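Colleague: Given the sequences, and given the hints that come with them, work out the whole structure.
Chains as they are written, first to last, in numbering that gives the first Met the number 0: chain V, 0 to 363; chain R, 0 to 295.
Quick caveat, the hints were computed from the structure, so don't treat them as lab data. A couple of the hints might just be wrong.
[Claimed, not checked] These stretches of chain V come out as covered by chain R in the derived footprint (C-beta under 8 Å, 3 or more residues):
| no. | region |
| --- | --- |
| 1 | 56 to 65 |
| 2 | 106 to 115 |
| 3 | 133 to 146 |
| 4 | 274 to 284 |
All of these numbers come straight from a predicted model, not from anything done at the bench. All C-beta atoms, glycine included, are put in the ideal place defined by N, C-alpha and C.
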Amino acid sequence: MDVKVPDIRISQAHLQPEPAARTEMNPADAGKDGHSAVRRFLLSRGNSAFADRTFHVLMVLCALSIFAIVGLIAWRLVVSSQITWSKFGFHFFYQTFTDSVTGQPMFWDPVNGYFSAVPFIYGTLVSSFLALLIAVPLAVGLAVFLTEMCPRPLRGPLAFLTELLAAIPSVIYGLWAVFVLVPLLREYVNPVLVKTLGWTGFFDDSLNPTGLGFLAGGVILAIMILPIISSLTREVMTAVPHSQREAVLALGATRWEMIRVGVLRNARIGIVGGIILGLGRALGETMAVTMVIGNTPEIHKSLLANGSSMAAVIANEFTEAVSDMHRSALIEIGLALFIVTIVVNAFAQLLMWAVTRGAPSQAH
Amino acid sequence: MSAEDYRLRSRMRSLTDKLVSVLAVVATLIVVAPLAAIFGYLIYKGASSLNVAFFTQIPKPEGEPGGGMANAIVGSGVLLGLASLIGIPLGIGGGIFLAEFGRGTRLANAVRFTADVLNGVPSIVMGLAVYSLIVSVHSPLIPFSGHFSGFSGGVALGIMMIPTVCRTTEEMLLMVPKAVREAALGLGVPNWRSVCSITLKTASPGIITGCMLAFARVAGETAPLLFTALGNSFMDANLNEPIDALPLRIYNYAISPYDDQHRLAWGGALVLIALIVLAVSLVRFVTSRGVLKGAS
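Modeller: What follows is the structure, given as structure tokens:
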């Protein structure tokens, strides 16, 4: 105690004269603004607060531009489809007309002012679900093979090949479908389908023996959405902890039982999310479908008949639209497509988030 | 359960196991088959139609043999350049915000979600939106508005690049260790400087990867160009005029009735796919080594 008291006194005494001492040492420093040398040195380097704030604001603006873009898209689509909306309202999506000459139901005749989205909604749904029907088992099979069975040296190249499938542009799929897939279906697949399953009414090529149609659209869509579904399935399957697999194997399960109980069951929500994302892609896919679906605004039970889809009719008719009404009707179809894909994608994203939250994205 | 039952059950289980293994292999083969078919056909049909004229001449009038896609290649270059100018800075900026400033905030989650939504918007809808935003309105506020133009096509493609670039930039920046940022800040470097020359630089291979992927994706897009860039049979790189693009020309030739145009379409498809595969493999090569191993 005795020692410390003088210490404090000394230090206080030292503190008091310090500013004065410095001023004496360097009178110029105290100049007009009264800053110390260190402070002046820091000031001479510039204050980064302004630059920092500007940078921050710029980056926030970049981020906000994404909101702005989505908002602009929605606003422009709504404004540009006003003519049809004010004339038909919701009827646009379910009304049907009757052809005055033949008495047949009719949906879409832009020249005479008949507009109904029914055949396009039908075509989009049929081709997309057909695509899912074909793609989902294959994609899950591929994912199971790649994550659980594939010998290690094959895994990388095979994963790369499926990624490549995702990188091929839609128009090249279309080109290939027109010149390879459609003739293949016409010559070999459709006759077999008509012979064996023709009695169901789903396979009847009497109206349209070209090979174009819903089936061709569905097959090419299936090839296009396969990589998405399989890579997402693979992602959630790899996220399943190894202890799950080991636990099931330790109970004496075979490999398939291990995959079914230990992996697929744990990953099922993520797989459903991947399938829905694939559906979202299929609903909006344009070029390949336009090139093979046949482009007639009709509804047929037969999958081998010509049809059209929402995206296909826009791609096909928009530049040659005959009237403002026609253009507005096509934009309204686009708006519907926009809303549906947003809902589908948002739902899938939420599912994927629920599954992978915390796991794979932070893992690497 | 008797021993006999048990043996039967066990055999069934192992049979199911084998069956599923075979099915998985078959599924894999079925998936790889169209890929092989597409590439085989592209190379077989495309290579025979590639010649000097293909790269140097503009399309001949319909039905006349010969001609090339020089204007489409130039047009694609111009459109993709404009798209990159729009999409890459905005995307990287958004990614920086998500990774450096907005981490964990509600705004960042909203931005991330909106970017994912934008990523899912069908390309044809993007074309419609840009059509009604730029092509159909005549306003002095919007450059090149009021008619079909290369500018509107570039804008449509640029918007489509943003979400991919944004999300990969974010992911790559998040992979940069915190210690690197702290070291920079500890040296008294202002935050903006630390982000630009330390964090971004560390993550740059990954960010370039993201940009290349986005680029490869929009390089093959046709639907957004149908009613924006429209296509043009003459050599024209003017952003104020309709402009040609490789995918547009492939589409127009594929649905035309002339054999010679089909031949050119295959050639164009081969060029396009070669560019895209090159980009994707380059990305794969970059990400399979170095600090960013395992990225993308």
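Colleague: Decide, hint by hint, whether the structure agrees.
Modeller: Comparing the hints with the structure gives:
no.	hint	in the structure
1	56 to 65	holds (count 9)
2	106 to 115	violated (count 0)
3	133 to 146	holds (count 9)
4	274 to 284	holds (count 6)
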